[in-house]
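Chemist: Line by line, the protein sequences are chains A and B.
According to our numbering, the first sequence is numbered sequentially starting from 36.
According to our numbering, the second sequence is numbered sequentially starting from 8.
Derived from the structure by calculation, the hints contain no laboratory data.
Heads up, some of the hints might be wrong.
[Claimed, not checked] Once the Cα atoms are required to be at most 25 Å apart in a straight line, the calculated DMTMM-like pairs of lysine to aspartate or glutamate come out as:
| # | chain 1 | residue 1 | chain 2 | residue 2 |
| --- | --- | --- | --- | --- |
| 1 | B | K140 | A | E138 |
| 2 | B | K284 | A | D83 |
| 3 | B | K75 | A | E45 |
| 4 | B | K48 | A | D83 |
| 5 | B | K284 | A | E90 |
| 6 | B | K140 | A | D83 |
Chain by chain, the residues run as shown.
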Amino acid sequence: MTTTTSWTDEKTEYIIGNLLRAGVTLSAIVVLAGGILYLVRYGHSPADYRVFRGEPTDLRHVSGIVRDAAALHSRGIIQLGLLLLIATPIARVAFAVFAFAAEGDRMYVAFSLIVLAILMFSLIGSA
Amino acid sequence: MNILEFTLFVFVGSLAAGFLGALTGLGGGVVLVPLLTLFFKVDIRYAIGASLVSVIATSSGAAAAYVKEGFSNIRIGMFLEIATTLGALLGAFLATKTPTSAIGIVFGLVLLYSAYLSKGSQPDLAREDSPDKLATRLRMNGVYPSLTGPRHYNVHGVPQGFGLMFGAGTLSGLLGIGSGAVKVLAMDQAMRIPFKVSTTTSNFMIGVTAAASAGVYLNRGYIDPGLAMPVMLGVLAGSVLGTRVLSRTKTSVLRWVFSGVIVVLGIEMLFKGITGKL
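Starting from the given sequences, assemble the full structure and let the hints guide the process.
Modeler: Given below as structure tokens:
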């Protein structure tokens, strides 16, 4: 794995490590904030997860989740945090596309783009 | 039980799962779904959704620490992620079509298999061999730090590894687990990648694989914020703690105990699945 350009795999791995850490930290903070609000508002309601009903449609899609969170609905804020968490590995693949391009490695740019397309399909196209 | 108590108990349970998972290297995800379904009577679909989210959190958190050690190989990871993410999509779609009792049976079998795998950790043999044509074309051969300085390694069995990774991705999407055991098996055994490189690269891949099925689960309404919140925060906190104490603890006894727990949970899941109680 010798590269002639100034961009190296080590540099990529270092940035990816920090990117992942930042994404997880940010999402945990958002989930915690939403969770505290949720417990304050609904803490004394009965808990029931025995029967599967599925989430309401606004908590299933990116746009609905953002709208709910902006309206300061506690469950919407938690869901936004979880969305940030799901977006973290996606961001790391997107960054890999850029990093492999900077190394001049076209084959791995293509591989990263395939993975990125699959991830985007899952999040947006599978509805 | 009200939501406050439920959240607290689930948080403590997830904390313990994340802690033991990190300490023993077996991962917390594999015990989460049985814990939620068997003890908290949560529907298995909600449990899988919550587990998947926590798998992304622990994988990304741990990968941040691993990449700095220089063992993980981002090329091997990225290439094999094509297989795992496709598998994860398939698994997530299968999950919406499969009866919950069948998912329970598959889960039980996977639990028993992971406990079986965990009893032996492979020593890192020096493998002197010629480079493989396909792996060389894919620029997968790499270098990792060892006590005697940087050591070069060659990668083999790319098609077999790719196939096994597709299977690992499918299991991950169907059951909401990281399936790190199958990933390590594919890299360590089929592709003959050094053990330390396999484990760190596998951990690196788990987050991306789980994200591929998490999108489908989210769109299908399987991810409940009220349940996922204590699970994700608990597992994350537990695994961070586990990694901190890891260097100062002897884990062999703990591995045995945790494997025992996994066996019991596996049998219970199998039984509940077969008798149609899930």
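Chemist: Now tell me, hint by hint, if it's right for this structure.
Modeler: These are the hints, each one checked on the structure:
no. : hint               : result
1   : K140/B with E138/A : 22 Å, holds
2   : K284/B with D83/A  : 17 Å, holds
3   : K75/B with E45/A   : 8 Å, holds
4   : K48/B with D83/A   : 9 Å, holds
5   : K284/B with E90/A  : 23 Å, holds
6   : K140/B with D83/A  : 56 Å, violated
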